[in-house]
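Residue numbers (my numbering), protein chains in the order written: chain D, 1 to 337; chain X, 338 to 1121.
Warning: the hint list may mix true and false statements.
[Unchecked claim] Heads up, simulated SDA-like pairs for lysine to any residue below, C-alpha to C-alpha not over 25 Å straight-line:
{"hint": "1", "chain 1": "X", "residue 1": "Lys1052", "chain 2": "X", "residue 2": "Leu956"}
{"hint": "2", "chain 1": "D", "residue 1": "Lys243", "chain 2": "X", "residue 2": "Gly827"}
{"hint": "3", "chain 1": "X", "residue 1": "Lys339", "chain 2": "D", "residue 2": "Gly282"}
{"hint": "4", "chain 1": "X", "residue 1": "Lys1114", "chain 2": "X", "residue 2": "Glu1051"}
{"hint": "5", "chain 1": "D", "residue 1": "Lys243", "chain 2": "X", "residue 2": "Arg814"}
{"hint": "6", "chain 1": "X", "residue 1": "Lys399", "chain 2": "X", "residue 2": "Ala419"}
{"hint": "7", "chain 1": "X", "residue 1": "Lys339", "chain 2": "D", "residue 2": "Glu279"}
{"hint": "8", "chain 1": "X", "residue 1": "Lys1020", "chain 2": "X", "residue 2": "Gly828"}
{"hint": "9", "chain 1": "D", "residue 1": "Lys243", "chain 2": "X", "residue 2": "Asp365"}
{"hint": "10", "chain 1": "D", "residue 1": "Lys243", "chain 2": "X", "residue 2": "Pro824"}
{"hint": "11", "chain 1": "D", "residue 1": "Lys243", "chain 2": "X", "residue 2": "Ser826"}
{"hint": "12", "chain 1": "X", "residue 1": "Lys399", "chain 2": "X", "residue 2": "Gly471"}
{"hint": "13", "chain 1": "D", "residue 1": "Lys35", "chain 2": "D", "residue 2": "His6"}
{"hint": "14", "chain 1": "D", "residue 1": "Lys243", "chain 2": "X", "residue 2": "Val820"}
{"hint": "15", "chain 1": "X", "residue 1": "Lys339", "chain 2": "X", "residue 2": "Gly471"}
{"hint": "16", "chain 1": "X", "residue 1": "Lys815", "chain 2": "D", "residue 2": "Gly281"}
{"hint": "17", "chain 1": "D", "residue 1": "Lys243", "chain 2": "D", "residue 2": "Val129"}
[Said to hold, decoys possible] Some residues of chain D that are not near chain X, with every Cβ distance over 10 Å (derived):
{"hint": "18", "residue": "His7"}
{"hint": "19", "residue": "Ala11"}
{"hint": "20", "residue": "Val52"}
{"hint": "21", "residue": "Arg55"}
{"hint": "22", "residue": "Ala58"}
{"hint": "23", "residue": "Ala74"}
{"hint": "24", "residue": "Arg75"}
{"hint": "25", "residue": "Asp86"}
{"hint": "26", "residue": "Thr99"}
{"hint": "27", "residue": "Thr212"}
{"hint": "28", "residue": "Phe308"}
{"hint": "29", "residue": "Gly319"}
{"hint": "30", "residue": "Asp322"}
These are computed hints drawn from the structure, not numbers from a lab.
A virtual CB, placed ideally from N, CA and C, is assigned to each residue, including glycine.
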Amino acid sequence: MIADIHHARDAALHEIEQAPTLDAIVALQARLTGKRSELALLKTGLGGLESVDERREAGRVLNEAMDAVVEALARRREALESEALDIRLAAERLDLTETIGRPRRGHAHLVTQAWERLEDVFVGMGFQVAEGPEVETDWHNFEALNMGEGHPARGEFDTLFVDHVPPGGRAGSTVLRTHTSPVQIRTMLAGAPPIYIVAPGRVFRRDTPDATHMPVFHQIEGLVVDRGISMAHLAGTIDAFTKAFFGQDFSSRLRPSYFPFTEPSAEFDIQLPNGQWLELGGCGMVHPAVLRAGGIDPEEWSGFAFGFGIDRMAVMRHGVGDIREMFSNDIRFIEQF
Amino acid sequence: MKILLSWLRDLLDVDALDAEVVAAALTDAGLAVDSVTPIGVTVPGVVTARVLRTEAHPDAAKVHRVYVDAGDGIERHVWCGAFNMAPGDVVPLATIGTTMPDGRTIERRGILGIDSEGMLCSARELGLGDDHAGILLLPTAAAVGVPYGEALELEPDTLLDLDLTRNRPDAWGHLGVARELAAHLGVRLRPPGAELPARGPARSASVDIVDGDRCGRFTSTVLSGIHVAESPAWMQQRLRAVGMRPISNVVDVSNYVMLELNQPNHAYDLESLGGGGFVVRRARTGESLTTLDGERRQLHADDLLICDAADRPIGVAGVMGGLDTEIGERTTTVALEVAWFEPAGIMRTAERLGLRSEASARFERGVDPYGIDRAVARFVELLRETCPDLVVHAGTVDARGGSLPSADRSVAVRVSEVNRIIGTHLGPADLPPLLEPIGFPTTVGDDAVTVGLPSWRPDCEIEIDVVEEVARRHGYRKLGSEVPRSPVSGGLSPVQLRRRRLRDVVLGLGCSEAMPNPFLAPDSARRVGLDDAAIRITNPLVADESVLRTSLRPGLLAAVAYNESHRRPGVRLFEIGHVYRPADAELPEELEMLGVVLAGGAADDAVRIWREISAALGLGARIDQSTVPAGLHPTRSATLSAGPRPLGAVGEVHPRVLRELGIADRVAVLELDLGQLLAREPKPAQWRPVGRTPSADLDLAFALDDDVPAERLEKAIRQGAGGLLVDLELFDVYRGPGVADGSRSLAFRLRLQAADRTLVDADLAAVRERVLGATAKLGAQLRG
Chain D
1 MIADIHHARD AALHEIEQAP TLDAIVALQA RLTGKRSELA LLKTGLGGLE
51 SVDERREAGR VLNEAMDAVV EALARRREAL ESEALDIRLA AERLDLTETI
101 GRPRRGHAHL VTQAWERLED VFVGMGFQVA EGPEVETDWH NFEALNMGEG
151 HPARGEFDTL FVDHVPPGGR AGSTVLRTHT SPVQIRTMLA GAPPIYIVAP
201 GRVFRRDTPD ATHMPVFHQI EGLVVDRGIS MAHLAGTIDA FTKAFFGQDF
251 SSRLRPSYFP FTEPSAEFDI QLPNGQWLEL GGCGMVHPAV LRAGGIDPEE
301 WSGFAFGFGI DRMAVMRHGV GDIREMFSND IRFIEQF
Chain X
338 MKILLSWLRD LLDVDALDAE VVAAALTDAG LAVDSVTPIG VTVPGVVTAR
388 VLRTEAHPDA AKVHRVYVDA GDGIERHVWC GAFNMAPGDV VPLATIGTTM
438 PDGRTIERRG ILGIDSEGML CSARELGLGD DHAGILLLPT AAAVGVPYGE
488 ALELEPDTLL DLDLTRNRPD AWGHLGVARE LAAHLGVRLR PPGAELPARG
538 PARSASVDIV DGDRCGRFTS TVLSGIHVAE SPAWMQQRLR AVGMRPISNV
588 VDVSNYVMLE LNQPNHAYDL ESLGGGGFVV RRARTGESLT TLDGERRQLH
638 ADDLLICDAA DRPIGVAGVM GGLDTEIGER TTTVALEVAW FEPAGIMRTA
688 ERLGLRSEAS ARFERGVDPY GIDRAVARFV ELLRETCPDL VVHAGTVDAR
738 GGSLPSADRS VAVRVSEVNR IIGTHLGPAD LPPLLEPIGF PTTVGDDAVT
788 VGLPSWRPDC EIEIDVVEEV ARRHGYRKLG SEVPRSPVSG GLSPVQLRRR
838 RLRDVVLGLG CSEAMPNPFL APDSARRVGL DDAAIRITNP LVADESVLRT
888 SLRPGLLAAV AYNESHRRPG VRLFEIGHVY RPADAELPEE LEMLGVVLAG
938 GAADDAVRIW REISAALGLG ARIDQSTVPA GLHPTRSATL SAGPRPLGAV
988 GEVHPRVLRE LGIADRVAVL ELDLGQLLAR EPKPAQWRPV GRTPSADLDL
1038 AFALDDDVPA ERLEKAIRQG AGGLLVDLEL FDVYRGPGVA DGSRSLAFRL
1088 RLQAADRTLV DADLAAVRER VLGATAKLGA QLRG
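Okay, chain X solo, but in the shape it has when bound (with noise of 0.2 Å):
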């Protein structure tokens, strides 16, 4: 919100203010100030001058050239891109060699050879607003030659840019700022008047609410001696300064009123008002308007129109005006409209009419639904500085509806509960000054206040409303600062800590973390050889990012490819996250994953670090290569189960699946359950005496079918060593002459100890008969 520091001046019964002292008062009391600009300085260089002519070019389109009078007499000529001057019209000329405010010098720049004398500004240029749409047009009374300052009667001043909260709809206009203002300042506030002056003659714009939910109040006041002229300079200049662009001193008027008390009007000509008065309703299907930006707008049910008494719409209620009943050159008489609207209403109607405007913005947050009167009064005084014959009707109609909030509201604020929460010490005596100066009026009880809630506070509705008020008027950094003692022992889960243990491991392992997107295209579970079921986001930014990933390998494949393509092939890269898979519950079913790729690797290093993440978490798996997870390599992957459901799957991804990706290398991948994983913590291990009795080991190699998982002669060597085993390690795998085809060589070391004796040979032979026993069950035979 765009706030001038002589503006609140005007408010505030002070000579001068400090704009560093009001910025950071205004931040403190929660009207954040973004940024403090001067304004308002008169560029030296930059004169009065009237266009003479203007003259296109056959050979330039984009500009023309203007021929001006500086007050020396002499014709001057110059380039201009803008078209909005016409001869007679006073404009601001940058002499050559003006510096502007963004620091560029005027040059004598000629285009197609013909110079230029100099440049016309627009109001952006001299720092005098956002507008930049055209030339500044300058009082056309003013004399030339002159400072343009002068022209306009032009005051330094300074610009506060505020970043408001939404609770905050009060601070919309100068008038609320200023009230904030005054109370951190101690000094009084001095509104503009309520009380209309003298009336004239009776007669009214009828008004009828049929929609009261939707519209709780609405004024119409009939103005006439209306003469549309241009507004003065100081308020063309404010107008400017906040970024808005002066249009006539009707218009003008209405904006002012708005900016300075939050309080958006309308000004229809009555002349152009079927039946001479409002019907305030909900639109019908079908319907349509044309609004003041030119733009036909279809409307919904939901949508509120104000018609008039004919029943023709001519504005969307709190969003915009018709173009219709717009003011023109020679509107006399006005029926002027001040509003209440109910503000989710307006917003909803705003959000699908894609048209925020400076009024809707304010009537979506709620506005003061009385200070309507000041406001119309207000608007009259003002109007009146061009409009010396202007005529106020009596006969003002003030309708009401159903959802016009109530004029009296109050609340009782217990002083216990506001120091329980703030953590103050006041007495109920401490309360009114606090509150008071920002229009919550305090009669104090006992133990409790009871405190009025100003309308211009619709934020404000409950006891911990006020509370915050009190904090907010005591100064937040008052409040004192304590540590609360946690009676909470704090600390990570057993499945935190495990997640970190897990992620060490993994990172040891030589794998580093990626964090792709979550959100996948379309298609890139099917790219990767994945089922295409998946929770869709419904309004995504980009189609390729609205499907939520059931997998995290489509991310990791993704980052594998970019990096190769990046001259980084081989990397390692792992990501422990969220996938989401539709289910019939309240909540998609969200699973948290590992997934971990190694470029360049083959299955077996997908394995080794399964392995070393098994080790160090203690949980085991059986590596079952017969259920080959979807998209990998048929015969190098497996699924590792422990349990009902697959803890997850290890091996290589499926060379198909590396074609569509581009991707030139081979990818081992892990993916594990964490839920399963990091849920099972092992029971603390027992302790085993260590053997005192010597340990004797037994080498055997065995050729064993290649159909036949190495896994399961281990299974038969442990079963058949029994008891005296203590320790069984596969040491070599040979394949290879002196080994059929088809089959390869395992050998295995077996340490074998006795608790109580030292093994003889008769006992080593016998775990080798048993071994071999139960080993050529499995077809395994015993190598020389």
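Chain D on its own, in the form it takes in the complex (with noise of 0.2 Å):
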């Protein structure tokens, strides 16, 4: 009995040792392991022993027959498994750098990564952005900002006048907005300190255009407004944006200079890291007539402004060598950026 067993045993073993696919071991699972398998038999054979020993002897015997070949089925059918997948790997292989077409995610104007840029470091540092009309009021581009009818600075900003006329106003009294300035007249009338803003925008002056003028450019202005605030802070402040902006190896400084909004008045100077001077933007605390023109009390608050160029800010850090291609909107300099 026990001979039997261990023939048919090594038999099965044997058979599915020679499986030579994953049907086949469907089919032996059947035959090796169905009621009518050889070891079954074997099994309904176990009553015909005469002693207990015996069949409890060649019982045991069955089982470990049994569980050795289910157990060879199943390294068999894993080993073919394996197989298999690895030649279905095989032939998926692909080449994964034979792509066709370039990436289509378009690329943002230079200016709006620079504007973007420049408002995350302000948001980064307490200020809020604020926005305002393009085409402005001359009592908000000019008087609100200290420069009345006939100040001799209004010459100096080359402005485009418009036809508009307001409903009781006069002709000549709209203009494109030659700075983001007004920005400031509108953002204190329309709330109180403390204020904390910056005012990226797109500006208009009577320029003829060449390789670093444009008639229509951009600006950043910022506007500081609360308790206390003095020269100090603003000099803080330029600093600290240009670490932020340009790098920690950057320094700034202020020079007196001369602004209708601002008093005292300076140029601001970024220092590169090779120990060169670059002239970045006027700045200056804010003139108390302009605060009482936003309706705040000179006497209890005071502030500081600041603006400089964000087109700049593009052509300075991508080398562009003419500011009028970042306007011609030709497709191979787009893409460059």
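Since each chain sits alone in its own frame, please combine them into the complex, following the hints.
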């Protein structure tokens, strides 16, 4: 009996070992472990054994044989499956460098890229972002900024005028804003201190385009109005901005200058890591007349303002040799950035 | 402003000045020095030569032959393109082999086969100033054959170019710059004297200021014993160095005084002055005057005139003198005008006449109304160098007008205010040492300092003006640096955040950002099929950029055309920018718009972009094809509506517009009013439990007439399906065999699910029935 069992087991194990496919395994599974398999038949013959010991012994051997067959089937199935997977994997090979077409994502305008980077730096410093109209009243653009009718500084702005006449107003009183500073006035009139804003935007001058000037360009303006704001805060803010925007190895300085809407006024320069100084923009303490125009009592509050060109930031960062190309809308330019 | 270092040195109590130290000091003080240029170095090889004769050549019209004697007795021949010399003149001759300041070397080069033995030089060629109008004429008494520097008594000097701000008219003269420098370096200022020397017999030129609101002060002083001659070499050199051409002693002294003291002045030949005096009045309509530059000037009733006592106009006040009263060679007696005019009026006249003279530039900024006496004294002192017999007559007339600023201006400056604004901890006693050196006298009180405002600083009027002076003198770099702690929470507004998201979505869809000019040509709108009504620029640079855009489309389509013509068809561009429309309000209507153009794209490409934006920003709109936006394809475009005013437009550009612009491909467009799109933030989506029961799908295909939008069928299915519908998708559109002409098959997949139970066949059948009922009203027929 025992010998029969071993014989049946070995034959089964051999067959399993030789099974060529997963389908053959399925067939063998039924034949070798089913009710009519040789081992199953031997099991029915157990009852013919005489002694209990013999039956027990033969039963144990039979169970071991069956386990061995089941295990062999599983092992063989796994091996065949793994082999099949390997074949499929090899057949599925792709060359991942074999890609047609370029990345489809569009390119943001250089001015937008600089604009958003600037906004992000100032937002990080606790500023909000204010906006205003591009067509402005001469009151917002000039008068409220301490440049009354006939003020000599008005002449330096090369203002573009439009034919809009407000109801009951006069012709020639509507301009394309020459700077973002009118947003200061609008912000002060619309709210109350403390004010911490930057105002990026499009501005206009009657300037013939050349490699460094466009009649339509972009500026960012900053305004802080709070209690106890001094020129030291202006210097500190400019310096913090310089380091955050350009890098920790840049520094800044203020130089006396003149703007009608700030006093004291300053130019601010940044120093490049190579020691070279670069004039960046204008700034100063908000003139008391400007605070008053914004409905703010200059005895109680004080503030500073600063402004500079956004386009120039893009020009500097990317080494653009001719600013006119930035506005040519030539896709060959746009795609470079 | 051109400033000479040697001139500054004359005005300061110093032995020597270092150009770099001076430049740094002035820049720190707010008088920014743009450049520092060494001048007055004699170019080796350039010698004095006397002109013997000149001779024209029949074949050369632009040059002539000049024969000179360079001191060695040999007659030398040079070709010369300037004609301002006569026999006997002494001129600089650059000999063969000389290297000029601009780097070129003089070679023996001929014209018409005739050699030139050197080159005659202009002032500019020798680095002596800006004058290049002719050959530099040297003093006729000069020795011949010596370095020209000897003839000119040339001394090395340094020229500083100052970039001055509008508030510092005082720095338009060397004295003002020297004052600032003296304060900065801590040395004494040495201004020329203000006292007139001994007077001769009384002789006056009367002055009648008619319009005192425009002329605050007008002094006339009669000087006789004048002999018109050349100025001394040192004066000529200085004038040349700052870009002025020496003319004669009287004119040169006049200019020198202006450059030194910032006091423009004018000497009239007394003989030619009708009635022997002056009237200062506004011009009358129709009056005109020929100015010194030979131009006939038509005058305006707002222009201020200097007239003689016979009421004949002899000068445009503060701008330019008249030709008739110019100093001539035989002038012996002059009436010297030194005056103060109201700045804004001068600016208006100079602008109107397009005539910005050295004088008008100074008067319109504001000269020192009380520096006049010093100017007269200095004029006399300098003229006496060449006119030893000069007589200053007693009887100077000093007429005043109502616009004359007060001589005694002062302001109380609170020390606390100084500290509050500039962040210092100064005490009252700290102010005088800062302010007095620049001419602001101080009287120290307990909390405030009374500060006198100098007459040469018209920009200083109120307390904050003095605060700035204190800051400047204290030094901006010593003011400290501290970042204020913003109590405001920084960040972008919801609209700004949504704008960024919008831009990012459009970029992600393969569109690049353009920035076309917002100024259009007058016909741009019409050419793209839009209304002409627009805001116009009244003073445009060019007519082609004189209209403010009412739509982003003209600019974007121009960009498409440009790229197509540069072998880049198929561009996908967008712009986020403002358009401007006429409005009956304080300002024109200004809308922020998104414009997208897809070259080579069809309307459905644009719709796809709209659907992505709509999904990303959570705002839907009806695609209304019954209202075709202007300039778009009539059967492939729609208005996007989501409220009382259109949200935008989507579709394709009208083929007629494309032809007009020379664009070969189709162009799909999408335009959105961002004022609406960005302002409408959707409410936060509310949770709906994800059903745990199984869902079932129902596919239905309908044949539907082409005239009925698919959107309406979708809506009908939605209504018919009722509450069990959890998702609906159009998954196939088919036209062709099996579907009648003029209609198409639209296949939808309905996903159905009940919250509380598994659906059974009866549920699906019921939904199907209801959907068929609802869609039948549109004429939709269920297909097999």
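Structure-based check of each hint:
1. Lys1052(X) - Leu956(X): 17 Å, holds
2. Lys243(D) - Gly827(X): Roughly 18 Å separates the two Cα atoms, so the pair holds.
3. Lys339(X) - Gly282(D): Distance ~24 Å between Lys339(X) and Gly282(D) Cα, so the pair holds.
4. Lys1114(X) - Glu1051(X): 13 Å, holds
5. Lys243(D) - Arg814(X): Answer holds: Lys243(D) to Arg814(X) is near 18 Å, not above 25 Å.
6. Lys399(X) - Ala419(X): 8 Å, holds
7. Lys339(X) - Glu279(D): Cα-Cα ~21 Å, so holds.
8. Lys1020(X) - Gly828(X): Given that 25 Å is the threshold and the Cα spacing comes to 21 Å, the pair holds.
9. Lys243(D) - Asp365(X): Holds - the C-alpha atoms of Asp365(X) and Lys243(D) are around 23 Å apart, at most 25 Å.
10. Lys243(D) - Pro824(X): With Cα atoms ~22 Å apart, Lys243(D) and Pro824(X) stay inside 25 Å; holds.
11. Lys243(D) - Ser826(X): 21 Å, holds
12. Lys399(X) - Gly471(X): Judged against 25 Å, a Cα distance of about 13 Å means the pair holds.
13. Lys35(D) - His6(D): 18 Å, holds
14. Lys243(D) - Val820(X): OK: Lys243(D) and Val820(X) at ~12 Å, within 25 Å.
15. Lys339(X) - Gly471(X): 22 Å, holds
16. Lys815(X) - Gly281(D): 20 Å, holds
17. Lys243(D) - Val129(D): 20 Å, holds
18. His7: Label holds. Min Cβ-Cβ 53 Å, cutoff 10 Å.
19. Ala11: Holds: least Cβ distance 49 Å, greater than 10 Å.
20. Val52: 56 Å, holds
21. Arg55: 52 Å, holds
22. Ala58: Its Cβ never comes within 10 Å of chain X, the nearest being 52 Å, so this holds.
23. Ala74: 34 Å, holds
24. Arg75: 38 Å, holds
25. Asp86: Fine: 38 Å to the nearest Cβ keeps Asp86(D) off the interface.
26. Thr99: 16 Å, holds
27. Thr212: 16 Å, holds
28. Phe308: Phe308(D) clear of chain X: closest Cβ-Cβ about 17 Å, beyond 10 Å.
29. Gly319: 19 Å, holds
30. Asp322: Given a closest Cβ separation of 15 Å, the condition holds.
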